[in-house]
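The listed protein sequences correspond, in order, to chains A and B. Just so we're aligned: 486 in full-length UniProt numbering is position 486 of the first sequence, and the numbers increase by one with no gaps anywhere. Just so we're aligned: 90 in full-length UniProt numbering is position 90 of the second sequence, and the numbers increase by one with no gaps anywhere.
A hint or two may mislead.
Unchecked claim - Computed spacing ranges between beta-carbons, pair by pair: (1) A:Tyr387 - B:Glu122: 30 to 38 Å; (2) B:Gln457 - A:Gln43: 54 to 62 Å; (3) A:Lys225 - B:Arg220: 20 to 28 Å.
Unchecked claim - The calculated lysine-lysine pairs, modelled on DSS-like cross-linking and capped at a C-alpha distance of 27 Å, are: (4) B:Lys81 - A:Lys229; (5) A:Lys64 - B:Lys223; (6) A:Lys225 - A:Lys81; (7) A:Lys211 - B:Lys229; (8) B:Lys225 - B:Lys211; (9) B:Lys225 - A:Lys225; (10) A:Lys64 - B:Lys229; (11) B:Lys64 - B:Lys81; (12) A:Lys64 - B:Lys211.
None of these hints come from the bench; they were simulated from the model. The structure displayed is predicted, hence computed values, not measured ones. For glycine and all other residues, C-beta sits at the position ideal for the given N, C-alpha and C.
Protein chains: 2
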Amino acid sequence: MPETNTSEHDLSELTTPEVEAILDAEDAALDERGSLTSDFVYQVRERIGEDDADGVLDLVEDLKPADVADLIEQLGEEDTKSFIRLVGAELPAGALAELEDGARDTVIDALTTEQLAEAVTELDTDEAAFVLEDMTQEDRDEVLAEMPIADRLAVRAALEYGEETAGRIMQRDVFAAPGYWNVGQIIDRLRSAERLPETFYDVYVVDPTYKIIGLVPLSRFVKAKRDTKIENLIEDEPVIIDAGMDQEEVAYLFEKYNLISAPVIDEGRRLVGMITVDDVVEIVHSEADEDMLALAGINDDNSINVPIRKVARSRFVWLLVNLGTAILASVVIGIFDGTIEQMVALAILMPIVASMGGNAGTQTMTVAVRNLSTRTLTAATAVRAVYKETAVSALNGVAFAVLMGAAAALWYLLLAGQSAADAWALGGVLAAAMIINMLCAGLAGILIPLALDRAGQDPAVSSAVFVTTVTDIVGFSAFLGLAAVFLVG
Amino acid sequence: MPETNTSEHDLSELTTPEVEAILDAEDAALDERGSLTSDFVYQVRERIGEDDADGVLDLVEDLKPADVADLIEQLGEEDTKSFIRLVGAELPAGALAELEDGARDTVIDALTTEQLAEAVTELDTDEAAFVLEDMTQEDRDEVLAEMPIADRLAVRAALEYGEETAGRIMQRDVFAAPGYWNVGQIIDRLRSAERLPETFYDVYVVDPTYKIIGLVPLSRFVKAKRDTKIENLIEDEPVIIDAGMDQEEVAYLFEKYNLISAPVIDEGRRLVGMITVDDVVEIVHSEADEDMLALAGINDDNSINVPIRKVARSRFVWLLVNLGTAILASVVIGIFDGTIEQMVALAILMPIVASMGGNAGTQTMTVAVRNLSTRTLTAATAVRAVYKETAVSALNGVAFAVLMGAAAALWYLLLAGQSAADAWALGGVLAAAMIINMLCAGLAGILIPLALDRAGQDPAVSSAVFVTTVTDIVGFSAFLGLAAVFLVG
Chain A
1 MPETNTSEHD LSELTTPEVE AILDAEDAAL DERGSLTSDF VYQVRERIGE DDADGVLDLV
61 EDLKPADVAD LIEQLGEEDT KSFIRLVGAE LPAGALAELE DGARDTVIDA LTTEQLAEAV
121 TELDTDEAAF VLEDMTQEDR DEVLAEMPIA DRLAVRAALE YGEETAGRIM QRDVFAAPGY
181 WNVGQIIDRL RSAERLPETF YDVYVVDPTY KIIGLVPLSR FVKAKRDTKI ENLIEDEPVI
241 IDAGMDQEEV AYLFEKYNLI SAPVIDEGRR LVGMITVDDV VEIVHSEADE DMLALAGIND
301 DNSINVPIRK VARSRFVWLL VNLGTAILAS VVIGIFDGTI EQMVALAILM PIVASMGGNA
361 GTQTMTVAVR NLSTRTLTAA TAVRAVYKET AVSALNGVAF AVLMGAAAAL WYLLLAGQSA
421 ADAWALGGVL AAAMIINMLC AGLAGILIPL ALDRAGQDPA VSSAVFVTTV TDIVGFSAFL
481 GLAAVFLVG
Chain B
1 MPETNTSEHD LSELTTPEVE AILDAEDAAL DERGSLTSDF VYQVRERIGE DDADGVLDLV
61 EDLKPADVAD LIEQLGEEDT KSFIRLVGAE LPAGALAELE DGARDTVIDA LTTEQLAEAV
121 TELDTDEAAF VLEDMTQEDR DEVLAEMPIA DRLAVRAALE YGEETAGRIM QRDVFAAPGY
181 WNVGQIIDRL RSAERLPETF YDVYVVDPTY KIIGLVPLSR FVKAKRDTKI ENLIEDEPVI
241 IDAGMDQEEV AYLFEKYNLI SAPVIDEGRR LVGMITVDDV VEIVHSEADE DMLALAGIND
301 DNSINVPIRK VARSRFVWLL VNLGTAILAS VVIGIFDGTI EQMVALAILM PIVASMGGNA
361 GTQTMTVAVR NLSTRTLTAA TAVRAVYKET AVSALNGVAF AVLMGAAAAL WYLLLAGQSA
421 ADAWALGGVL AAAMIINMLC AGLAGILIPL ALDRAGQDPA VSSAVFVTTV TDIVGFSAFL
481 GLAAVFLVG
């Protein structure tokens, strides 16, 4: 068979399945990495432009809900509105739960109250609460009024729990069995029961007061004989979640103990719901992303479907705080304006000292924030961590001081034609300032996140501005101050 | 009942369960957030210091493996060695798989080959491969030689797949059933089969050539009647993973489609293993952490148990690259030394322009890196994203130009006693430079990560240095250049 490539192949030479494979690949909505192809998005856009409802439905009907959500996120506001108008009630409910906030707002606005109520009813309680939580009270009540009473009550109950708590992300349908039942009885019950969760991974074993005794993974359950008592299949102490627990804590426990599902209990320690790992994966991801964005001064949703004004406003605040820091640094430089006037070389070299300190501080701080969030930086390890970061800063501080001090001295000796004594004095001052600043950078990089964490603040949100303030001010004042004493005098 | 607090309570007034609860809480290894208390770590350390093997075992015997791993990570190198010497063969095998790299190296060194082989044999294949993958070929062979033949072969086979591929993280024991079997037959088989995975979440349904037809979640399986054919319980198209797929892709698919387990196939499309969500949660977390650390110039493991020299060396490289950038910026300033000599105010204000650009660029870049990794920034949305970031930068650029231009002008007018014309000219130059730099910062912040991603590079690793270079050079040259033309001349 001759070499074929997808752009020019003689279909007549190929067998039917080969032809199909090629045609499939050319039409595929997803690339080999599982992302939507831009060709596909383009095709959808084109049909939206032609107001071709059937054409759009044709393209999206085989997509999984998560892919429909991805598609919508890529369409942009105008096309999303038209897309919803064309697709209407055919929008898979699951896609609503998968959308990012910005895009979901657009979709919710574009759906009629009836369509939205219908979609929300199809979702699990936790997903429904998630979709409705950002709406105004009034809009939410309208949607709830259109829902069947049982679902309405379940969603209302979920919304009673605070945002980002276990109660909000749990599912309320749980399958629990008393400890004295045997496997056969439970299987028979499962086969006939009606209001069961669609998917579950463990049989929750409870006592007569509906308190959790233990968990039996389904894989252990199906391997057991019919006459085995379920309580005899319990192996480990179960990890149990309080309904009021913060979702970040929940994610921490799931990750630490490799949980698939965990029972949720109320204040009376009675079983009220279950959290499954699929909800947790998203929390793990978004919490880690939040830290990364917060370190860069982004504390609001900045995803691609949030309006420009809102994004600009959310970033303005951080830039304003940074302006304060920069002005402070300028004031420090201003103190030494006489010194700079006598030796312009100082103005040329001073950004190097500040920048190296800033970078060393950012490295240390990022590691500290990360270790605080994975809880390897704790009260028990704090002293060791501070010692270690100080040592690392000292080592690199000396290394760069030698490197840069020598380079500056040689530059001024050879290229600027200064006297050897002057050039080496300048190099020495630069080197000393560099060591001082990198050492302070390391200390600030670890002590500031530690202090913020101890004070109950999120270290990711405000560490960066404090660390930069320290490295700028120490950098400029150490370098210019030493220069004023030793070089200019 | 009078108010009680845990430090001073009259035990005689309380009922037995209340007393027990208080005593439990005082002894607890874990705090209410599920982390080890420093008191507990301290107690363990004390007994290690006293060489009290029984005392140490007493304390740790009730801990879950993940908590033992946390404990070891907090002990530090010396105490870890003593801990392993005292605990020896009693170390729960699971803890090995949960340790961070630095601490695991210490533990592996401290265990005898026999102890290590025994522990590794207890682990799942994927965990065993994970523990052994960083050892030298020779050490690894020694450990493998001590293992039972079946486990040895399984681990060897896992190690054949590249690091961070699906083949490496998959489990090789899978439960699969032919499509024509019914539920009753499968249950009977499960109850009698021997080499079953310890935990599984789906029945994999295969054709006679061992190709995957579909998945049946156990919760659907246990609800079905005995005479139902398993293939009739398949609902969705299964998500299937190639053994060679990168683990980051695997995590993406799990997160996108809310998977709990997925079958892994070889090049012949035959079922060879399964990946479960608990492995994926850790990948999701570590990939997000990697991005965050990479943006700060940390590309190696910097966790608390990595030696100081190694950490210092890994950070040195990034600082050296940054030094290059800083020197480049200095060269730019050096071009304008004559200008600065005539007007020292420029040296005082120039860091503000560079710093605001740097921060605006970092904001944009971090959002871009994050959106690339969540795949919402794609070929289909790139143009919209660039437009949006440019607009955001322009808005904030103008806002800060007005703010800072006016502030600088007033300062020089009122405090430094300059003429009105000179002060406003300076403010105007500062404002113009600020707009230029923040606009360039926004463009660089989005275009550089996009370009790196298009070129197949990880945008998290090298974007920051390019963006800072742009904002420093544009910032200094725009401000000093405009000043040279309009202010000094």
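Taking the hints in turn, this is what the structure says about them:
Checking the proposed 30 to 38 Å range against Tyr387 of chain A and Glu122 of chain B shows it holds: the Cβ atoms sit about 36 Å from each other. A hinted range of 54 to 62 Å is violated for the C-beta pair Gln457 of chain B and Gln43 of chain A, which are about 30 Å apart. Taking 20 to 28 Å as the suggested C-beta distance range, the pair Lys225 of chain A and Arg220 of chain B conforms, at roughly 22 Å. Of the supplied pair hints, the one linking Lys81 of chain B and Lys229 of chain A is violated, its CA atoms being roughly 44 Å apart against a limit of 27 Å.
With a CA separation close to 25 Å, the supplied pair Lys64 of chain A and Lys223 of chain B stays within the 27 Å bound. Among the hinted pairs, Lys225 of chain A with Lys81 of chain A is inconsistent with the structure: their alpha-carbon atoms are about 55 Å apart, more than 27 Å. A threshold of 27 Å between alpha carbons decides the hint, and for Lys211 of chain A with Lys229 of chain B the separation of about 37 Å lies outside it, so the pair is violated. A threshold of 27 Å between alpha carbons decides the hint, and for Lys225 of chain B with Lys211 of chain B the separation of about 25 Å falls inside it, so the pair holds.
As the CA atoms of Lys225 of chain B and Lys225 of chain A are separated by approximately 17 Å, the hinted pair is consistent with the 27 Å bound. Only pairs whose Cα atoms come within 27 Å are accepted, and Lys64 of chain A paired with Lys229 of chain B is accepted, the gap being roughly 25 Å. With a CA separation close to 20 Å, the supplied pair Lys64 of chain B and Lys81 of chain B stays within the 27 Å bound. Proximity of Lys64 of chain A to Lys211 of chain B is assessed by CA-CA distance (about 22 Å); at most 27 Å being required, the pair is judged to hold.
Consistency with the previously given hints fails for numbers 2, 4, 6 and 7, ordered from lowest to highest.
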